[in-house]
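There are 2 protein chains.
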Amino acid sequence: MVNYPNGKKSTFAASKTGQGGRGMVLEQDLNQTNTFYLEQDLAVVYKKPTPVTIVKVDYPKRSAAKITEAYFKLPSTTDYNGIYRNRYLDFEAKECSSKTSFPLSSIHEHQIDHLKRVLQHGAIAFVIIRFTHLDETYFVDAQEMIDYIETSSRQSIPYTWFQTHGHLIAYNYVKPVDYLSIIDEYYF
Amino acid sequence: MVNYPNGKKSTFAASKTGQGGRGMVLEQDLNQTNTFYLEQDLAVVYKKPTPVTIVKVDYPKRSAAKITEAYFKLPSTTDYNGIYRNRYLDFEAKECSSKTSFPLSSIHEHQIDHLKRVLQHGAIAFVIIRFTHLDETYFVDAQEMIDYIETSSRQSIPYTWFQTHGHLIAYNYVKPVDYLSIIDEYYF
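Those sequence lines, one after another, are chains A and B.
Quick note on numbering: the first sequence equals residues 1 to 188 in the numbering used here.
Quick note on numbering: the second sequence equals residues 1001 to 1188 in the numbering used here.
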């Protein structure tokens, strides 16, 4: 969905995720899934644009405005939200390169606060975590993850916890991260 | 909520709206209102970040990554969404400098399509329009505006239409665009 002229994409992705660009694969899979949902009129879910602070913009004559100085901002919310079967959906998606545990430092504290808030107002809120080396993608209810974080002193969640508390999302060619199938099963 | 170091804000705003920066006033009022709602735990509503295509990023040592080439992208959705009383909210906000009518060219066709889609899935969807010279801000149900657009051949909506079909939002110092009061009255 996002166009990077100049072929700079992989550089940008690599530096942003620090994982050799792998951070973008889950995002691409989710974009494809959300586009499928949209085209089939099943749900309306979008990834929010990356928040940037724009400092300088050039307005060359006869061509598009060019941003020449901008900085990444820390997001105050999760990356994805939308609507499905009259319900507000809200989630964050993360790739994890470890095979044994998911480091909690990957999710910002204000994102956890955001998930708590939307839960209070009636959202279906969750986190999608992909263990890249195991090629497994889990759907985790946000409340369950928050309960874990608030009762444990660990700085990470063991992989085995996802096996018991998460729902493995089966890979599907047209909808690579079919999270609505999990929502249908557990929330309706 | 958005910080523009360098004091470039007014230049950017003016050029972006083409209305001497006035386009940002409604946005600021809505940011203030949404922050108030958030702090009072009434609703969780955010403006989506401005979508930009990032082409070039510099990573200077010991300082933040600097975007040196990026372009504005056309948004595919509305600017605001969130949750209130278990319902998904979705809306667009526009300033209008004319005293007599609101030009339909201000709202992109794909934004109208987006509003139609979320309505089908059960959203509370609306448009907030401020007539800047009259200092009046109207709440308009998205379905009503879509019905007008699809049955009229006009390229604009007359101001008088807003007086009869819209709801005037009373100014409030702590919540300058108190759209939840309208939602409470007409949607619950």
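Please keep in mind that the hints were generated in silico from the structure rather than gathered at the bench.
Just so we're clear, the structure is a prediction, and the values are computed from it rather than from any experiment.
Every residue gets a Cβ at the ideal spot worked out from N, C-alpha and C, and that includes glycine.
Treat the hints with care, since some could be wrong.
[As the list claims (entries may be wrong)] Once the Cα atoms are required to be at most 25 Å apart in a straight line, the calculated DMTMM-like pairs of lysine to aspartate or glutamate come out as:
no., chain 1, residue 1, chain 2, residue 2
1, B, 1066, A, 79
2, A, 116, A, 184
3, B, 1047, A, 184
4, B, 1047, A, 69
5, A, 61, B, 1069
6, B, 1094, B, 1136
[To be verified] Stretch by stretch, here's where chain A covers chain B in the computed footprint (C-beta under 8 Å, at least three residues):
no., region
7, 1039–1050
8, 1101–1112
9, 1118–1130
So, going through the hints one by one against the coordinates:
1. Simply put, residue 1066 of chain B and residue 79 of chain A have alpha-carbon atoms about 21 Å apart, close enough for the 25 Å limit, and the pair holds.
2. For the given pair, residue 116 of chain A sits about 22 Å from residue 184 of chain A by alpha-carbon distance, which is consistent with the 25 Å threshold.
3. Under the criterion of a C-alpha separation no larger than 25 Å, the hint pairing residue 1047 of chain B with residue 184 of chain A is inconsistent with the structure, at around 29 Å.
4. Distance check on the hinted pair: residue 1047 of chain B and residue 69 of chain A sit about 22 Å apart at the alpha-carbon level, within 25 Å; holds.
5. Taking the CA atoms of residue 61 of chain A and residue 1069 of chain B, the gap is near 17 Å; set against the 25 Å cutoff, the hint holds.
6. Proximity of residue 1094 of chain B to residue 1136 of chain B is assessed by CA-CA distance (about 12 Å); at most 25 Å being required, the pair is judged to hold.
7. Check on the region 1039–1050 of chain B: 7 of its residues sit with their Cβ under 8 Å from a Cβ of chain A, so the three-residue criterion for coverage holds.
8. Counting residues of the region 1101–1112 of chain B whose C-beta lies closer than 8 Å to any C-beta of chain A gives 0; at least three are required, and the coverage claim is violated.
9. For a cut-off of 8 Å, the count of residues in the region 1118–1130 of chain B with a CB near a CB of chain A stands at 5, and the three-residue condition holds.
Hints 3 and 8 from the list above are not met by this structure, while the remaining hints are.
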